[in-house]
Amino acid sequence: MKRLLSILIVLVVFAGFASAQNITVIGTVTDSNGETLPGVNILIEGTSTGAITNMEGFYTLESGPEATLVFSFIGMTTVKEPVNGRTVINVTLSDDSHELEDIMVVAYGTTTKEAYTGAAEVVDNEIIENRPVTSFEKALQGTTAGLMVSSSSGQPGTSATVRIRGIGSLSANSSPLYVIDNVPMANALNDINPNDIESITVLKDAAAASLYGSRAANGVIIITTKNGSAGETRISFNAQVGVASRISDGYNLMNSTEFYQHSWQGLYNAALLDGKTTAEAKIYAHDNVEDIVGFNPFGVDDPLDNDGILKPGTKVITNTNWRDEVYKTGIIQNYNLNVSGGNDATKVYFSLGYLNDNGTTLSSDYTRYTAKVNVSHKVNSFITAGINNHLAYSETNAPPGGTQGANPVRSAEIINAASPVYNNDGSYNWENTASFDFNPVGLAELDLYEYKGKRAMTNAFINFDILPSLKFRTTGAIDYGSDKGVNYYNPFHGNGAGVNGRSSMSNTENLAWNISNILTWSRTKNESNIEVLAGQEAHGESYSVLSAGVTDFSIAGYPDLDWGAKPETPGSYTSEWNMISYLSQVKYNYGGRYYLSGSLREDGSSRFGKNNKYGLFYSLGASWRLSEESWMQQVNWLDNLKLRGSYGTSGNNNLGNYASLGLYGSGANYGGFPGLRPVQLANSDLSWEKISSLDIALESRFFNRLDANLDFYIKESDGLLFSKPLSAGTGFGSILTNLGAMKNTGFEATVSYDAVKRTNFKYTVGLNISTNKNTILSLTTDKIVSGTKLMEEGASIYQFYMIEWAGVNPDNGKPMWFVNAESDDDESSDIPDSAYDDPLETGRKVTSEYADAERVRLGTSLPDYFGGLTNNLEYKNFDLNFYFYFSVGGRVYNNDYATNMHDGTQPGANLSTDALNAWTPDNRYTDVPRYVTNSTDQGRQLSSRFLEDASYLRLKNISLGYNLPENLYSRLKLQGLRVFVSGENMLTFSKFKGFDPEGALNGTTSNSIPGVKVVTMGLKLDL
Amino acid sequence: MKNMTLKYIKISLAVALVFAITSCSDDYLNLDPSTSIPEEQVFSSFESANSALVGAYDQLSKYTFDGLFVPIMSDIIGEDVMINSVDNWNWFVSVYQLNILPSYIFADDPWWQGYKVIANANRIIENAPLIPDVSEEQVNQLLGGAKALRAYVMLKLVEMYAPAYSGNPEAPSIMLVTKTLSADDESLPRAPLSEVYEQIEKDLISAISLLEENDDKGFLDKKGAQAVLARAYLNTEQWEKARDMAIAAYTDLDLATGTELLSGFNYRNSETIFTVAFTPEDNNVYNSIPSFYYPVSGYSSMRANKDFVDLYSTSDIRGYFFLLEPLIDPNRYLILKFTHNQLVGNAERISIRASEMYLIEAECEAHLGNYDNAQDALFAIQERANPIARKSTSTGQALIDEILLERRKELFGEGFRWNDIKRTQGRFTREGDHWVKFDFGPEDEDYYRLTFPIPQSELDANSNISESDQNTGY
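Line by line, the protein sequences give chains A and B. Position one of the first sequence corresponds to residue 1 (this note's numbering), numbered consecutively onward. Position one of the second sequence corresponds to residue 1 (this note's numbering), numbered consecutively onward.
One thing to keep in mind: the hints can contain errors.
Stated by the list, open to error - Cross-link-like lysine-lysine pairs, in silico, BS3-like; alpha carbons within 25 Å at most:
#, chain 1, residue 1, chain 2, residue 2
1, A, Lys-454, A, Lys-484
2, A, Lys-814, A, Lys-993
3, A, Lys-876, A, Lys-973
4, B, Lys-179, A, Lys-724
5, A, Lys-276, B, Lys-437
6, A, Lys-566, B, Lys-62
7, A, Lys-226, A, Lys-471
8, A, Lys-814, B, Lys-437
9, A, Lys-276, B, Lys-179
These are calculated hints, taken from the structure and not from any lab test.
For reference, chain B alone in the conformation it holds in the complex (with noise of 0.2 Å):
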């Protein structure tokens, strides 16, 4: 029997020994997980790095930022268009009503995102020199591609978060992120808007240099890169460059027809610079631009004011962007410029196209008073969509105005008003069948509500930004 007890004390110690050694092994304790990769690897090689490019655009896709909330935002911060008030589970309402607060999605969500997209950018420009065995021209395309892309969403930031530029250019505006912050880096104050617009600029040209041109518009190119430097100079009122800029950008383009323009936006087309590639598998549904726009199969909670569908001549094929449909809403035109591809909410966005740069062009031209010029841009947009439309003989700021005017016609739904207004110092006038109405001007105090309020999530993470640094108004 002791031998017995023997045997088994000498089996009981060998299984645990069997055990304590297989389970010191270095595996047993260290485990990958499946669907995530360390940094390093991302680096490694060209493929996996253009891979964190890709995944960059993805970012900016999300419907928090270019994907929906940036486009319709500026639209409905605006005097053309409207959010239902009613079967619209209140997405906007707030925004519409242009009572925004620090804490509200509408505020908050875009600036991270941004931020997102701009932090995976600056790894990428750190890091794509230092891929092992890979060609300049692939370090170009990286490093192009994301300082195109981080320009790109620093614009959009500013115009969302600071006053504009030509009120006073040292308005604080942004944090000016250009490196990869890590968690026990100091945070960033909000810089001067003239800082973010030099490295905005400074971005852009480089990226033009590094970039070629690319078939595929989904990713910013050398001509998205110039479209959105033209933007850039156009917010900065420096009108020869903004011209050039947007002259380089569109020229081999040709601008798309009427009834192209009529087809549905929901693919890119000719006259295509930038376009946010949404593909079946990866759309948005519900939480898209053509969900909010689109009479059915979504949210179809946008409206056109009436006094604005009114300032199409009877002639202007884009009137038929807009419908009554007394069984869909009984008052206000519906709107049928974006429409679904296929499925619902399916549709690329189309951000950047040669319409806008040729009002850009317009626009530049007339302030340098090379009118001609300005009417020549202007009245290839008109007569596009109006066959019987008559080139313009304004000068100075009348001409100015028809420009202005011509851009709300062409690009609404598009994301532009809400800072044309605020760019051009204009004022904000609401009126037709609007259900919250505003009338005032760059020397009320609501002009405060043509800004952003900086996050309260921000607030209450940076310790260099604090309520004292908030926007005037909140």
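Isolated chain A, as found in the complex (with noise of 0.2 Å):
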């Protein structure tokens, strides 16, 4: 090998010597400061000939008199200098943060962006580090154009969920891939410590995901951790502690007084209903209004006066705000260690994290403890090893959510506030006609839902240097993840007062392993250079359960079994899939002008159908720098111009792991036998969805301060996974098919402007936005109507179809919808018997008989765009950076605010003080029905009366730090200290009714812990 290396030197020489009329050209490059730069790099241009500055900067080199020299240095500007004929020349490189960052890590290796063929964008550490957030995605929302990031509940430790261009999937999981030091993960996103992440890059288009083949059909999100460097060894610690509260206050709720009178007023107008008289109607509100509420909140037996209003002067004995008892101020505190450092042979990072977030609801806190060790090691001059490995376990008390009568979230919306929160006697009350026997407050203490994760991710690397030009990289990954999760049912009240308490255990086990070999080869010619990439891996993931639990308890507090008098049937089983892959990439590039690259991959899956076992999948991406072009070197202003385009395939494999298989299950027991029933219909040609998608996007550079990217794309997924629904004669309620198409179109534009670079003074402030559209193509039956959803060709996947509301009949406090009786989702167009003109003069029919009117599409819940505003300053030891996020159209069917707005249908439940503007006789033109107790007017049924606007625009982080001046940290022996404070989501515009308009992408809301705003403050120094 070393014979070659000389061969290949002499070559260069005799090709350098081979030009007639060489002269010598000498001179000194220096950086921007003064100093001499060694190692930077001088080629002629359009040849292969060069030199390399020495430790003084100096270089010689022969050259032609007329040639071009170009001057480069990782980090630095590239300059270009014409010789004509000096024998001295003399060069200053200027930082260049921006090329730095262009070294970005892909599928299956790292490139440059400049070559780079695919979309893909870097996120790093700065985004991402010393967020208030437990899991790192979070953090990145209104970072990247085209990336969707929505959280829809405020429990610390959950995960957001994260799409990339839209939506690619019907009914199967549409989340990206997430792949962490270059091996796809199979648990938990939240288990990662955000701090010792170094880069994340998330790859959107075919030419940069294709390579993952069947699971890359939602893009790919790409986690590189930190590394240790050659050199000195540096210890930082950071310490933060955080303030988190209710994300906003959300609309009103009646308080006691409130609630007591329009309850009088329900039974007053449902006696009225019922042909009583004024004075007996009276008479039954007085009778009936203190069963209603539960409680009488005030201190005399008769508050009300004739007309149901309370008496004045009326001592209020009770008025519990449930949101106050419910919601309390969480504190956030996280404290990491971490070192870095090594020498030329060996490189080690470590950390230890430890965050611990209390939450801002009653039983709902997360903490976690991370350690991470990355090591590699060069064993010789050819071979590298490592290691990355990484722990964490972390603790969770989560209530549970949804209509649940134990979700604390939705009691507090629903009990009313004459009821106390405990007895005269100090213990808990546990009456209350909203959500009996449920105190959220007492549950709180006397239940509990805790979850104990722990998590090992290694793996293990060696690097074969076979030849310079060719490479091989073997990597073996074990992913575990285990958690224990425990919810016990006190004896005495709630869930488990009728069995005497119950206490449910369950421990999962998931296991995936990862086993790669990839050879790459390259080799460079004159002025083109071409890069191949062959391998094959191998990935497997193993899911079990184990689960028992008891009733019966003795004693309260005690949640272990052992405690139970009787077992319940317990529980376990595995699931598992496999896949192996091959797959392969060619890269090619002219004179670093033009580039071309092309992949292919085939995946078998365990999951497939036994007639669908093998998906090829490819990708084809070129692009064009027009501004390295002879022709374009006037232009002085421009110094980036990029053309790029792709196009490929991928799949998507989230269909379940026996989902093609046609299926008995056990369990179906009776009367102590054992049972089987039917669970499954088979599908033998279930296989990968597939996903063409293409790219177009021009990339530049002007002024050497703005960029400006803009990229389109069409994506179309096809053989989209999709629950047929069928008759109930099969006996099942649907069969997975692969037979939807749906099509999504996007533009993502990204600006960033250097707006000052002053060496004091630096601001730059960038704006991203995206459009998706998402459409159906094609579905299995014309029509899918599901919950609040309409599902049809040619319609968005959340598109809204429910009866359009027409107000209230100002005649008689009636609800009103309209008649719509031209749409289609009745056959006939005729008009129903109830149907009246509109009294409030729309000139169209309405109806007070809800199933008389027919459902309408009502537009979708996914934007129409987003994005984010970002802006950094750099004041002398000052930064202060701070980024709004925006989502502008999409509406939200808001299930909480209808269940405040029951118009009597829950008598007992509390109401939304904007129910206090409901129809009387005195109030006839208003938006809110009638209040009747036990009303069956179908006020509060499925309508667009709820259906909202879920626009907004927030500040999502502000911060500001402070680095202490050298001459003061060196003072205090440490190699730096900086002091920051930041705020999240600190400011929310919005016409929304709930706490946040951020929430399931669906459009729905369920009761979920609201988002949080959080102020943080912290320190890292660096020892």
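Combine both chains into one complex, guided by the hints.
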């Protein structure tokens, strides 16, 4: 091999001598501070002849008098100097931080921004570090065009929903694939300490992601963790403390007086409708109001006057603000210690992290301990081996959500203010008319919903530099997660009361392994460069659960199963899948101007049906750097102009592990005998979802301070997994098929401008904006209605479909809906008998019979566009960053609000103060129907009454930092000291009525723990 | 060094090759789940096929069908009991208000659950004769059991989702599913009532001939099939046949004693013909009859109408089913008929018992003009509950009315009232301390409320049932 090298060198030397009339050029290269730069690469343009500066920054080179010298050094701007017969050429290179970012980690390797033919964006650790989030992806919101991040719960430790370039699937999981240190991840994201992350690359198009084949359909997010570097060992410690609170106050709820009076009115109205006289109705209301409310919150027996209004001077004894009882101020603490260092042979990084977020809701908190070791070691001149190791342990308390009685968020909204938290003797009061026996404050103390997770991720690799042009890398990885969950219901109240206490425990184990062998070969000849990758990968995952439970406890507060007298049916199962893959990629570049790439991957998966075991995926990409063309060199203000495009295919294999099989399931036991029941229809053709995507983009940089990128994409998904609804006659609700097709198109624009670039003052402002239009292309049936949505060809996946609210009839207070007889909801277009002309004079037909109105299409939950506006200021030792996130368009059906506007259908449940505006003969023009106890008016039923605009603008993060000057921190014997204060989600501008317009992508609310705003203070010490 | 390089290339290639080979093996890409098996395996032996029949009963017993929804709604749509408007988590309120929409779970769930049972039964009926090494006796057991179950469920579904046979025997009713439908098969339209009743009769006659009597009343046996057929004949007003089947079903069974009646209906008794056999391991806890009916330890939200309680004579032992306890409910009668057994919600739900058969006999004989027989059968039920009861001397419609009233008194809470009103085309009159009152007869438009809508989910998925095929009123 050495011989080969010497031949090459000789050839180069000869090449140099061969050209006649050369002159010797000498010079010194310095940086902008005047310091000499050793190791600068100098090349005669268009040849491979060159030189490197020595330790003093000096170089000498033989060159033709008309040649152009290209000076380049990593992290510096590249300078081109025509020789023009000069013999001394001194050059100053300036810093180009931009250049540094351009080395990016991509699928199965690295590349530079210039050379890349795909659509990918890198988010570096500055964005992620020191944010008060438990999981890194939440910090990505608004940072990258085309990346949609949405959190539907403020429960600490939960992950956000992430979508790249729209929603690619109808029913399969549309999450991107996460790859950490070259290995696909299998378990939760929140086990990763965001402070261990060096950079994140978001792969968006086919050229970028297709190499991941049947898992790449929804894009790929590559996480690279920190590594040590040769040189002085650096120890840094950072500490943060934050204060968290509910993101907003939401709509107001009635106080006890308002609710008591309103309930009286409801009874009175109900009695009148029942045919009673005014006097009888008043008596009826007086007699029953305490029953309906559950409590008389006043000091006297007969607190209301003849018109149901509180008698003046009556003392209010009980007025519980249940939100104040359920929500609290959260404290977030985060401490990280990390050490990085090494020498030329061995590099090491290790860290310890502790995070505690005690939550903003009763019995909701999260604690995480992490430890990380990354080591790489150069065994000899051509072998490097290393290991990346990550350990995490977490403890979560998370109360149940949704409509469950034990959901504290729901309880806070529906238990009326007349119900006290405690009885007079200080014990918990369990009576209330909305959620009987479920006092959320009491349950928070007595019940337990605890989850403990352990996680170990290890990957070991060996790199062989077989030849300078030929490399081989083999990687083996294990990702192991083990979780233990305890749900304990106390014996006395709530869920456990009927069985004298219940404790359920489950242990889950999730093991994923991955082996990959990748060979890369590259060759540079003249102006062209070719790089070939070939490899093989095997991946498997196994998930197993063991669960058991007991009831009947003799003593409260001890959830261990030993305490229960009666065992419940235990359970266990294992679910596995395997995959085998072969992959290859070719990249070609000519003269730094023309780039081509192509990739091919074959995946065989145990998840696919027996008729479709293997899938083949490919991509093609090309880019043209116009700014590098000789005819563009005169345009000085243009620093970069690149056109690129790609096309390719990928798949989504999230179809479930055994979805193609026809199965009878266990556990259908009856009368003491074991039973079997059909659980799934067979579909042997079942396969991955096929996605083809086209991307066309322009990248540019002007005046060395303005970057502008524009991407356009079309993603077409075909063979979408889809549970085709079946007639009940089949005995199954649905069968999983590959029959749907969908299209996502969109634009992504990113602009970044270095407004001020002085030494002491820098200001960069950036904007990214993304649009996405989701269209269903084909379905198995014309229309699929589920809940609030209608799926049909030509419409968005999350198209709202419901009866259209027409307001309240001013004559009788009944709700009205537009008849919409011409809608295709019903085959006939006959006007129903109950229809009448809208008294509110819209000129349309309305009805007060809910069943007689037809459903219509009412837009989508997905935003028209969204993005981020970033601002980075640096002034001397201060830095100030703030960015906004915005989401415009899209609607949300506010279930929670509907529950608090029940019009009397849940007579004991609390109401929004908006309900005070209910129709009465004296308040005829209103949007709130008459309030009738046990109303049958149906006003609360699904309709556009509760459909709201979900647009919002949010100050996502603002942070101010101060780096102590060197003379100060060195006096403290430190290498650096930084203090900072930051605010997350500080301001939100929205018309939405609930706590937080950000929520589930499908645009429905479900009593989730509201999002939080956090103020954090912290410091970072470099020792 | 070159040798070293070669060596590494060789090692690497060998490693790659090893993985390539191991991964190509069949097992690697063909994995089976750990808790389910393919259909072929189910019908490979009598034992596993019989487990499929057990599984079908398990589906029947789910709270969305015969465990709770069907029986409780069959009384809530009636005059004698009511659901509380408060402390009840809104369960069955819209049913009580006779205000059901096609999207409501109360209409949706029983439909889907019922057809699940039918589909499971169809698979057993088709595959039972094909099981290798199975005896004729075993095939009969499987076939008879599955047919009886299929008929039982179809009868429940027509009673809920179709108007009364006595009103119009050709009215569209339910889908008549008698063979396994695959996902590609065309979905079925609503069959006329007459066709469904014909199939029910055919299935039950076949089941009666195939089945023996079984000591375990958790499954429909010969007597069970006879009893279901008696009900079907009663609905179609074939009085003689109904009478004969009812008598066949109760013969050899002793009526439970009066005190037994008060023991809580939580375990099968001497007169049980078929019971939904919950065990403590497999009960529905809160979604069960005792949870809703018994005054404590569950939803406890069922109450009896004051006017109904007043119908019992003071010497009637069944008066003890009712209790006024102001601490629990200041105004309304609590119901003690159905109690928990060991655990909350645990109780066998006696679905068919001999008393009902006596009352069917009485009703049929009255219609046939055999008043003596009718009076005797009626008296058998009355004298047990009321030691000083006197045998009725009424005849004609008066006697029929007495028998129908006795059905209410004897069978309330067991899931009969809704269908009794409908099949007799009677008037629906809710008075007393009901919080939603009604008064309408078969000639009134409101009568549509006594028939559930076909669920919206079925209309959406079925190409042969559209909105225009929906029951009137919805």
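Status of the hints after comparison with the structure:
The suggested pairing of Lys-454 (chain A) with Lys-484 (chain A) holds, with an alpha-carbon distance near 9 Å, which does not exceed 25 Å. Among the hinted pairs, Lys-814 (chain A) with Lys-993 (chain A) is consistent with the structure: their alpha-carbon atoms are about 23 Å apart, no more than 25 Å. A distance of roughly 22 Å separates the Cα atoms of Lys-876 (chain A) and Lys-973 (chain A); the hinted pair therefore holds under the 25 Å criterion. Proposed proximity of Lys-179 (chain B) and Lys-724 (chain A) is supported: the alpha carbons are some 21 Å apart, at most 25 Å.
As the CA atoms of Lys-276 (chain A) and Lys-437 (chain B) are separated by approximately 14 Å, the hinted pair is consistent with the 25 Å bound. A hinted pair counts as satisfied when its Cα atoms are at most 25 Å apart, and Lys-566 (chain A) with Lys-62 (chain B) qualifies at roughly 22 Å. With a C-alpha separation of about 23 Å, the suggested pair Lys-226 (chain A) and Lys-471 (chain A) falls inside the 25 Å cut-off, and the hint holds. A threshold of 25 Å between alpha carbons decides the hint, and for Lys-814 (chain A) with Lys-437 (chain B) the separation of about 20 Å falls inside it, so the pair holds.
Restraint check for Lys-276 (chain A) and Lys-179 (chain B): not satisfied, since their Cα atoms lie roughly 56 Å apart, outside the 25 Å limit.
The structure fails to meet hint 9 from the earlier list, while all remaining hints are met.
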